[in-house]
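K.L.:
Next come the chains, spelled out residue by residue.
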Amino acid sequence: MSAGPVSWEVFLCPRRGLSHSHVGSVRAADVRLAQAAARDLFARRGRPQSLWVVRSQDVHAVLPDEKDPYFAAADGKPFRRPGHFTALGAVGAGLSADADADADEDADGSGVSDDH
Amino acid sequence: MTTEAATALERDFARCALRLGDDALVLAQRLCTWITRAPTLEEDLALSNIALDLVGHARALLSLSGRLDGTGRTEDELAQLRDGREFRNTLLAELPNGDFAVTIARQLAFSHYARLHYADLAGCAEPELAALAGRAAREVDYHRLHADGWTVRLGLGTEESRRRMQDGLDLVWPYTAELFAADEAVARLDAAGAGPAPARVLERWRRATAETVSRAGLRLPEPGWSADGGREGLHSEEFGALLAEMQSTYRQYPGGAW
Amino acid sequence: MTGAKQATHDPPPGGTTGAERDEADLLTRFEALLAAGESVEPHDWVPDGYRRMLVRQIAQHAHSEIIGMQPEGAWLTRAPTLYRKAVLLAKVQDEAGHGLYLYSAAETLGVDRADLLDALHRGRQHSSAAFDHPALTWADTGAIAWLTDGAAVVNQAPLCRTSYGPYARAMRRVCQEEGFHVQQGYDQLLALSRGTPEQKRMAQDAVDRWWLPAVALMFGPPDTGGAAAGVGAATSRQAMAWGVKRHTNDELRQRFVDLCVPQARELGLTLPDPAIRWNPERGHHDFGPVDWACYRRALPGDSHCARRRIAHRAAAHREGAWVREAAEAYARRSPEAAGEPAA
Ligand SMILES: [Fe+2]
Ligand SMILES: [Fe+2]
Chain A
1 MSAGPVSWEV FLCPRRGLSH SHVGSVRAAD VRLAQAAARD LFARRGRPQS
51 LWVVRSQDVH AVLPDEKDPY FAAADGKPFR RPGHFTALGA VGAGLSADAD
101 ADADEDADGS GVSDDH
Chain B
1001 MTTEAATALE RDFARCALRL GDDALVLAQR LCTWITRAPT LEEDLALSNI
1051 ALDLVGHARA LLSLSGRLDG TGRTEDELAQ LRDGREFRNT LLAELPNGDF
1101 AVTIARQLAF SHYARLHYAD LAGCAEPELA ALAGRAAREV DYHRLHADGW
1151 TVRLGLGTEE SRRRMQDGLD LVWPYTAELF AADEAVARLD AAGAGPAPAR
1201 VLERWRRATA ETVSRAGLRL PEPGWSADGG REGLHSEEFG ALLAEMQSTY
1251 RQYPGGAW
Chain C
2001 MTGAKQATHD PPPGGTTGAE RDEADLLTRF EALLAAGESV EPHDWVPDGY
2051 RRMLVRQIAQ HAHSEIIGMQ PEGAWLTRAP TLYRKAVLLA KVQDEAGHGL
2101 YLYSAAETLG VDRADLLDAL HRGRQHSSAA FDHPALTWAD TGAIAWLTDG
2151 AAVVNQAPLC RTSYGPYARA MRRVCQEEGF HVQQGYDQLL ALSRGTPEQK
2201 RMAQDAVDRW WLPAVALMFG PPDTGGAAAG VGAATSRQAM AWGVKRHTND
2251 ELRQRFVDLC VPQARELGLT LPDPAIRWNP ERGHHDFGPV DWACYRRALP
2301 GDSHCARRRI AHRAAAHREG AWVREAAEAY ARRSPEAAGE PAA
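Sequences listed follow chains A, B and C, in order.
Take the first sequence: its position 7, counting from 1, is numbered 7 in our numbering, and each next residue is one higher.
Take the second sequence: its position 257, counting from 1, is numbered 1257 in our numbering, and each next residue is one higher.
Take the third sequence: its position 146, counting from 1, is numbered 2146 in our numbering, and each next residue is one higher.
Quick caveat, the hints were computed from the structure, so don't treat them as lab data.
This one's a predicted model, so the numbers in the text were calculated from it and none came from an experiment.
A hint or two may mislead.
Stated by the list, open to error - Example chain B residues on the side facing chain A (calculated, C-beta under 7 Å, incomplete):
#1 Glu1042
#2 Asn1049
#3 Ala1197
#4 Ala1199
#5 Leu1202
As the list claims (entries may be wrong) - A few chain B residues that don't get close to chain A, going by computed Cβ distances all over 12 Å:
#6 Gly1084
#7 Val1102
#8 Ala1187
#9 Arg1204
#10 Arg1206
#11 Pro1223
#12 Asp1228
#13 Leu1234
#14 Ser1236
#15 Glu1238
#16 Trp1258
We treat Cβ as the ideally placed atom computed from N, Cα and C, and that holds for glycine.
Take the sequences, apply the hints, and build the full model.
P.N.:
Dropping the structure here:
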């Protein structure tokens, strides 16, 4: 049993149109202090659109031991992946509009690329 | 702005900017000494962020003052080469830090005042002052959140923190009246409708600070006396030491480039 | 046990896995991860030695960030211009942030920041001795940023790819900011060097005093070649085998010297090592042997300045205790403020 402030996970949305990404965690006794600490730590550079803090204990991860039953089913289904089918060529170009939005997302989820 | 051409209005705005700039500078200087000494690492960061905003305000305000008063003095000439008698900050800004509660009490009084007064000044007749007051109002609004939060936390925390926070308010409150006092320049600007005097926010300030203090379960001090003199350059003895420290490097290397 | 460890990083590293895997099996999987260049994450099983090495290294690194705030922090009130005051404030603030990133990374290994700070205050853990020197003049803030942060960048850039995920992610943030710091220190020294003769003397004096701490203490003892290497070499080998370190101390030290020599020339300042010269055969600058006797004297806790740094830090912590207690008490009294659903 450790005394001291509890842990909070911090999520930043760098700008409109993007989703929140996990950027790290802070220790704080209450929610306002957690927001303040997150602001001072992760939003000193750049000007994010939005900031979330969530008590770490409220994040419920899939147990590492259950990773296989949960995720193994994604293997072996090549028809779910882009590039599996014959390309549509020029007529189909407009259908992959998502590609641009995805390219904007922070590649490693660290949020670092949005610091200036 | 050329050196000879400063009009009476510009000179009044110069004095107005100087008062504001000196408060920001001196308060930032006080907050700087908290850094590496704060109760948590998070507060080291929070207080340095606040100090950084205030230094920014001081730079803009002092530069503007030096341009408007016709002397062309730079922010650093004004900050580093004036003697204590020429500084126009309130005694509130220069009060020694005391414990964290005293610092928070001062932040509470100052940030509420600054937020309201800067918001008023954002509509003043001096366009540069109006623009920077608008920006400063947004920044000190965060300082207000910080001060409100800690006032309540300390007020409702432990027996010790409640006592310290009350003592802090009691110590600081007699120094708050000076924030709202006018000198002739400020009075003239207000009368001419060119720039509202700080007294115009006094009632709103009272209500806002009283609300926080009551949420904190504390008693709003009703001091039977008030301190002033800072705006006329009559400072505390501790101010000499603050200034000597702040100006030491600059003055030690005359003609230096930094 | 705090939420962080239960939720995002559960079960606690090294805790029960439920399955009947024996340690050899776990070790094989761990080594396979390393071999594949995958990052090790908090829920992965890791050998005890790996965890101990990481906790020690990350804690020491975090301690160095927050103790390193002191020499520069002492000049905040005396910065010669308001611009330099703002720049220095921003830098000292970054260092506090680095400390926080790193303590948070350490906590994913099952330790608690409060305990790490306590160990620092009681002298059971240490910060880098590089900061256990007094910042005597304004130019010291420039020299620290240029040399000490410069050494940190060289040292830490490879750590952005260190095998432990949370550490690597913290280091990516840290390194990005350290890069600014070096430029800032260089810029500050350049202004002094081009200023009055007195200013230039001040800059040279500061570089003279901060060069050795950067070269010796920021990189640690020699760990290559001959008998001199000793224990350093064994530790380094293990750290490299586990992908915690990517280069030897000596490689990094050489890289740092090679970077500094041309920069010093541009600054118009001299590095206080008469043995520095370009060696075309090696393609590197030679430099004088580091005086390791001086390094040993500077071992934590030995020097007057080191004691002052810890005393300063411990006093701040002690004097802030009532504030931290108040915040906790307030959170207990007001569950909503603590982020719990209102009853
Ligand atoms: Fe750092
Ligand atoms: Fe740094």
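K.L.:
If a hint holds in the structure, say so; if it does not, say that too.
P.N.:
To see whether the hints hold, each was checked on the structure:
1. Interface hint at Glu1042/B: satisfied, since its Cβ lies 4 Å from the closest Cβ of chain A, which is below the 7 Å cut-off.
2. The interface hint given for Asn1049/B holds, since its Cβ lies 6 Å from the closest Cβ of chain A, which is under the 7 Å cut-off.
3. Taken as an interface hint, Ala1197/B does not check out: its beta carbon lies about 33 Å from the nearest beta carbon of chain A, beyond 7 Å.
4. Because the smallest distance between the Cβ of Ala1199/B and any Cβ of chain A comes to about 32 Å, over 7 Å, the interface hint for this residue is violated.
5. Among the interface hints, the one on Leu1202/B is violated; its C-beta lies about 28 Å from the nearest C-beta in chain A, farther than the 7 Å criterion.
6. Every Cβ of chain A is farther than 12 Å from the Cβ of Gly1084/B; the closest lies at roughly 33 Å, confirming the non-interface assignment.
7. Its beta-carbon lying about 20 Å from the closest one in chain A, Val1102/B satisfies the requirement of being farther than 12 Å from that chain.
8. Distance check on Ala1187/B: its Cβ is at least 38 Å (rounded) from any Cβ of chain A, clearing the 12 Å threshold; non-interface status holds.
9. For Arg1204/B, the requirement that its beta carbon stay farther than 12 Å from each beta carbon of chain A is met, with the minimum near 23 Å.
10. Look at Arg1206/B: its CB is around 24 Å from the nearest CB on chain A, clear of 12 Å, so calling it non-interface holds up.
11. Taking the minimum C-beta to C-beta distance to chain A, about 29 Å, the non-interface status of Pro1223/B holds against the 12 Å cut.
12. Every CB of chain A is more than 12 Å from the CB of Asp1228/B (nearest about 33 Å), matching its label as outside the interface.
13. Look at Leu1234/B: its CB is around 37 Å from the nearest CB on chain A, clear of 12 Å, so calling it non-interface holds up.
14. Against chain A, the non-interface label of Ser1236/B holds: every CB pair exceeds 12 Å, the least being about 31 Å.
15. Annotated as non-interface, Glu1238/B keeps its C-beta farther than 12 Å from every C-beta of chain A; the closest such distance is 29 Å.
16. The Cβ of Trp1258/B sits about 24 Å from the closest Cβ of chain A, beyond the 12 Å cut-off, so the non-interface label holds.
Consistency note: the structure conflicts with the earlier hints numbered 3, 4, 5.
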